[in-house]
Amino acid sequence: MNVARAQTGTLTGFVRSLFIGFAILLAAGFAALGLALGESAVTPIAIAGGALLALFLAIAWLLLQRVARPLDRLALDVGIIARENPDHRLRLVPRHWLGRIAESIEAMRARLTGAEAHGAQVLAEAQNQGAEQKRWLEAILLDLTEGIVVCNLQHQVLLYNQAAADLLGGTQSFGLGRSLFPLLAREPVLHALERQMQRLESGWAEPGPRFMCGAAGGERLLGARLGIVLDAKGAPNGYVLSFTELGEEATALAKRDDLLELATQGLRAPIANLRAAAETLSQNPDLPDAQRVTFQKVVLDESMALSNQLEALARGYRELGGGHWMMAEIHSNDLIASLIRRLVGAPLQLTATGLPDWLYGDSLSLLVLLELLLRQLHATIGAEAFDVAVSRSENRIYLDLIWRGEPIPAPQLESWLNRPLIGGLGPLTGQAVLRRHGSDAWSQPAGSGMARLRIPLASAQAGALRERPLRPQRPEFYDFDLLSHPVPTGRFAERPLKQLTYVVFDLETTGLRPADGDEAVSIAGVRIVNGRILTTETFERVVNPGRPIPEDSIRFHGITDEMVSDKPPFAMVLPAFHRFAADAVLVAHNAAFDITFLKRAAGALSFDQPVVDTLLLSAHLYPTEADHSLDAIAARLGLDVVDRHSAVRDSLLTAAILLRLLDRCEELGITRLGQLIAATDMAGRLRAHQHGFERHAAGSAS
Amino acid sequence: MSASILVADDEPNIVLSLEFLLRQAGFRVRTVSDGEAALAAIAQEPPDLVLLDVMIPGRDGYAVCQEIRGNPAWRGMHIIMLTAKGGEIQREKGLSLGADEYVTKPFSTRELVERIRRMLGPRG
Numbered sequence: 001m002n003v004a005r006a007q008t009g010t011l012t013g014f015v016r017s018l019f020i021g022f023a024i025l026l027a028a029g030f031a032a033l034g035l036a037l038g039e040s041a042v043t044p045i046a047i048a049g050g051a052l053l054a055l056f057l058a059i060a061w062l063l064l065q066r067v068a069r070p071l072d073r074l075a076l077d078v079g080i081i082a083r084e085n086p087d088h089r090l091r092l093v094p095r096h097w098l099g100r101i102a103e104s105i106e107a108m109r110a111r112l113t114g115a116e117a118h119g120a121q122v123l124a125e126a127q128n129q130g131a132e133q134k135r136w137l138e139a140i141l142l143d144l145t146e147g148i149v150v151c152n153l154q155h156q157v158l159l160y161n162q163a164a165a166d167l168l169g170g171t172q173s174f175g176l177g178r179s180l181f182p183l184l185a186r187e188p189v190l191h192a193l194e195r196q197m198q199r200l201e202s203g204w205a206e207p208g209p210r211f212m213c214g215a216a217g218g219e220r221l222l223g224a225r226l227g228i229v230l231d232a233k234g235a236p237n238g239y240v241l242s243f244t245e246l247g248e249e250a251t252a253l254a255k256r257d258d259l260l261e262l263a264t265q266g267l268r269a270p271i272a273n274l275r276a277a278a279e280t281l282s283q284n285p286d287l288p289d290a291q292r293v294t295f296q297k298v299v300l301d302e303s304m305a306l307s308n309q310l311e312a313l314a315r316g317y318r319e320l321g322g323g324h325w326m327m328a329e330i331h332s333n334d335l336i337a338s339l340i341r342r343l344v345g346a347p348l349q350l351t352a353t354g355l356p357d358w359l360y361g362d363s364l365s366l367l368v369l370l371e372l373l374l375r376q377l378h379a380t381i382g383a384e385a386f387d388v389a390v391s392r393s394e395n396r397i398y399l400d401l402i403w404r405g406e407p408i409p410a411p412q413l414e415s416w417l418n419r420p421l422i423g424g425l426g427p428l429t430g431q432a433v434l435r436r437h438g439s440d441a442w443s444q445p446a447g448s449g450m451a452r453l454r455i456p457l458a459s460a461q462a463g464a465l466r467e468r469p470l471r472p473q474r475p476e477f478y479d480f481d482l483l484s485h486p487v488p489t490g491r492f493a494e495r496p497l498k499q500l501t502y503v504v505f506d507l508e509t510t511g512l513r514p515a516d517g518d519e520a521v522s523i524a525g526v527r528i529v530n531g532r533i534l535t536t537e538t539f540e541r542v543v544n545p546g547r548p549i550p551e552d553s554i555r556f557h558g559i560t561d562e563m564v565s566d567k568p569p570f571a572m573v574l575p576a577f578h579r580f581a582a583d584a585v586l587v588a589h590n591a592a593f594d595i596t597f598l599k600r601a602a603g604a605l606s607f608d609q610p611v612v613d614t615l616l617l618s619a620h621l622y623p624t625e626a627d628h629s630l631d632a633i634a635a636r637l638g639l640d641v642v643d644r645h646s647a648v649r650d651s652l653l654t655a656a657i658l659l660r661l662l663d664r665c666e667e668l669g670i671t672r673l674g675q676l677i678a679a680t681d682m683a684g685r686l687r688a689h690q691h692g693f694e695r696h697a698a699g700s701a702s
Numbered sequence: 001m002s003a004s005i006l007v008a009d010d011e012p013n014i015v016l017s018l019e020f021l022l023r024q025a026g027f028r029v030r031t032v033s034d035g036e037a038a039l040a041a042i043a044q045e046p047p048d049l050v051l052l053d054v055m056i057p058g059r060d061g062y063a064v065c066q067e068i069r070g071n072p073a074w075r076g077m078h079i080i081m082l083t084a085k086g087g088e089i090q091r092e093k094g095l096s097l098g099a100d101e102y103v104t105k106p107f108s109t110r111e112l113v114e115r116i117r118r119m120l121g122p123r124g
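Residue numbers (the numbering used here), protein chains in the order written: chain E, 1 to 702; chain G, 1 to 124.
Among the hints, erroneous ones may be present.
[Said to hold, decoys possible] To be clear about the criterion: a stretch of chain E counts as covered by chain G if any three or more of its residues have a C-beta under 8 Å from a C-beta of chain G, and this derived list gives those stretches: (1) 406-417; (2) 435-441.
[Said to hold, decoys possible] Computed footprint of chain E on chain G; a stretch qualifies when at least three of its residues, placed anywhere within it, have a C-beta under 8 Å from a C-beta of chain E: (3) 7-20; (4) 103-111.
Don't read these hints as lab results, they were simulated from the structure. Here a beta-carbon is modelled for each residue, glycine too, at the ideal position from N, C-alpha and C.
Extracted from the complex, chain E is given alone in its bound form (with noise of 0.2 Å):
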C-alpha cells in the first residue's frame, strides 16, 4: 500500500523535475548559440528564447497543474475509497483535464458500495438463519436427556449438548475443538468408530448398535450409538455419538437378573432339600422317632425359606421395569480380524478355523476378554500359536481357543476371570462379560495334544435368516478319466485322511454346457490343514468369461457383465489358484463339473493331484439317501455356513461336508486316500450306469 502511495506521490515531482530539466537545457541552448552566433545576435535570441521558454514554462505549469496534480490527488482519494472509507468524497482539484474520469471511478464506486450492501445483507440473513437452525438445534439437544457430541475424525468436539456434558463430568472440562478423550474412553470409541466404518463400506448406513463405554475415568458406564457423519460427497468426515448413563439401567438389569436367579438356581436348592427330606420320610413308614422329628424338622424349615424366597421374588418381580442388555450381531470373521488387530505386536500367532457364522453379544467386551485369555494362556503356559475355531451346535456358536498342550485348571480359568477387564469397560470383570453372555467358559482336551478353551455364544437368527443365495441344481457329471486318473502317491497315498492338505474350490459358470462353450465367471477356493478349516485363507476371484453372462445363470451367482468388463480371463488367475492348490488334494462337490472348466483353460499347468468330490463320496457312504445335492448334505449333517462372502460360501459348506464325511470314513475303515478314491469311483460308476438306465427307461416310456 505503501509502495502505491510513494508512486503516486512521485508523478507530480517527475513531471515538475522533467519540465524543469528540460527549460534549463533550453535556456542553456540559448545561451550557447547566442555566444555562437557574436553579439549582433543576441537581442533577437534572447527575445526569441525567452517567449519560448515562457511559453514551455506556462505548459509544463498547466500540464503539472491540471493533470499530474489531480492524478495525484484522485489516486490518494481511489486508494483511501478502496481501503479505506467506501463513502470517502472524491477532492477533485478544479479545471482539471482528466475529463470524465471522475464520474467513472464514481459510478464504480457506486457500484462497489451497492454490492457490499448487498453482500452484507445476504450474510447478515445468512447468519441469522444460522442462529435460527442453531437456535433449534439448541432446543431440540436441550430437550434431549441422551447426550449428543458431534466429533470430526481427529475426535475433537465440534457440537455438545447440556446432557452430553452433564454426563462427561461437567462443562469445565469440555469444550468446543478439544479432545473428546480424557472424557470418554477412547477405546469402545475407536472400536465403534471401526466397526461403523466397516458396515458403511459393506453399505449398512443405518447407525450402529449400542456399545458400552466408560465415562468420567471409569466411574460411569454408558450406552452409546455411534453414527458416521458423511460430506457432500459422500466421504465420512465425522461421527454423532449419543449416549445415556448405563448406571440406572445396568442396576435395574443386575435386579432383574437377580431376581431370574433367585427364581431359578436360588430354589433349586431348598426344594431339593425339602422333597429328598419328604421322599425319605415318606417311604420310610417304620422310621425310629428320633429320626422322624430329624426329617420333619428339615421339612418344615425348608417350607418357610421357600415361601420367604417366593415373597421376595414377587415382590422383585413387581419392581421390575423393561431393559435388556446391548446385544448386536456380529460375524465371527470381524471378531477375529479385530482381535487379530489388537494383538499385532504381541508375540501371538491366530489362525482362524472352522466355519464363519453370525452370533450375538457385545463386540468389544467378548474381544477384550478374548485378548485378555489369550495374554493370560501365552503367559502361563508359553503358547505362541493359537487356533480361533468357530463352530456351531443348533442355536450356540463355539468360540474356541486351541493350542498344543495341557487343558487351564478350572480354578486358574476362574482367578482370571474374576479380574476386572481393561480397555474402558469400567469395572467389568471377565466373569461378568461371560455372565452377561449367558455364558460360561471352560478348558478341557481338544485330542492329539492339543487343548482347547471353549465359550459357547448364542448364534445371531437374524444373520442367519438373511436371504440365502439359490443353488443351481447342476447336472451331475461323470467324467471318470478326470476323476480316477491320478493315483495318489508319496504323501497322498500314506498319510491319514485328516492329516492332508486339501484345497475345497467351487466355479460359478455361465452355464452348465461346457462343451457348448459356457465359461467360469468366478472361482473361489478354501484350503483344509491338519483338519481345520482356514476360514480367512481363502482364494476369490471373478473372471471375464469372454462371452455374455445369461440372465438365467445372473439370479444364482449374481455375477453381470457389467462386474466382469475389466476382469481378467479364466486362464490368467489360473497360476495364482495353481500356486493355492499347489501342495493339496483338490476337492469340489460334483467335482467333474468344475475340473472340466478347470482342464480346459489351464494350458501348460498342470492340475494332476488327486480330486475327491464329496457328491460322490457321500453317495457312497449313505447309498440309502437320495439326494446328494450340497444342500440336502448340509440339512442332513446340520451344517449351514452364513458368511456374506457368497463366493466363498459353497466352498466353506463343501469343506465342512468333507470334514464330517471324513469322520465316517473313518468309522468304516476307510483311511487312505486310495481307499476313498477307489470307493468313490465305484459310486460314480453305480450312479452313471443307474442314471442312464432311468434315462433310458424314461425314454423308451415316452
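On the provided structure of chain E, position chain G as indicated by the hints.
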C-alpha cells in the same frame, strides 16, 4: 465289599437325606462339605462314585471334577454332578469337564439312587 460313595455337598439338609438313602441302599457313604476335603477323601480312599455339588466352597465342583479326570489312577471313578445351576451351558461345562451325569436340583432321591445303582452295577 459294597461300593463306596463320596457325597460332596455343603447343604447339610440334602446330605442328611442322601447319606441315609444311600446307606439304606447298601452303599458305604462318606460325606465332605468342601472341595479340598473332597480331594483329600478321594486321595485317602478312592470311592467308586462321587456325588459332587458344583457350588461347594473352596475348589468348586468343576475344579474337583477336572482334577479327578486328570489323574489316571482315578480312571473309572464315576462322577455325578449335583447343582442348583440349571443352565444348559453349565450342564455342558460339567459334562465337558468329565462328569458322567449332571443332575439339577431339585431331583427325585429315588431316581438318583436308582441311577447310582445302575452305574455301579450289581455290587451295590
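Hints and how they fare:
no., hint, result
1, 406-417, "holds (count 5)"
2, 435-441, "holds (count 3)"
3, 7-20, "holds (count 7)"
4, 103-111, "holds (count 7)"
Comparing the model with each numbered hint stated earlier shows that all of them hold.
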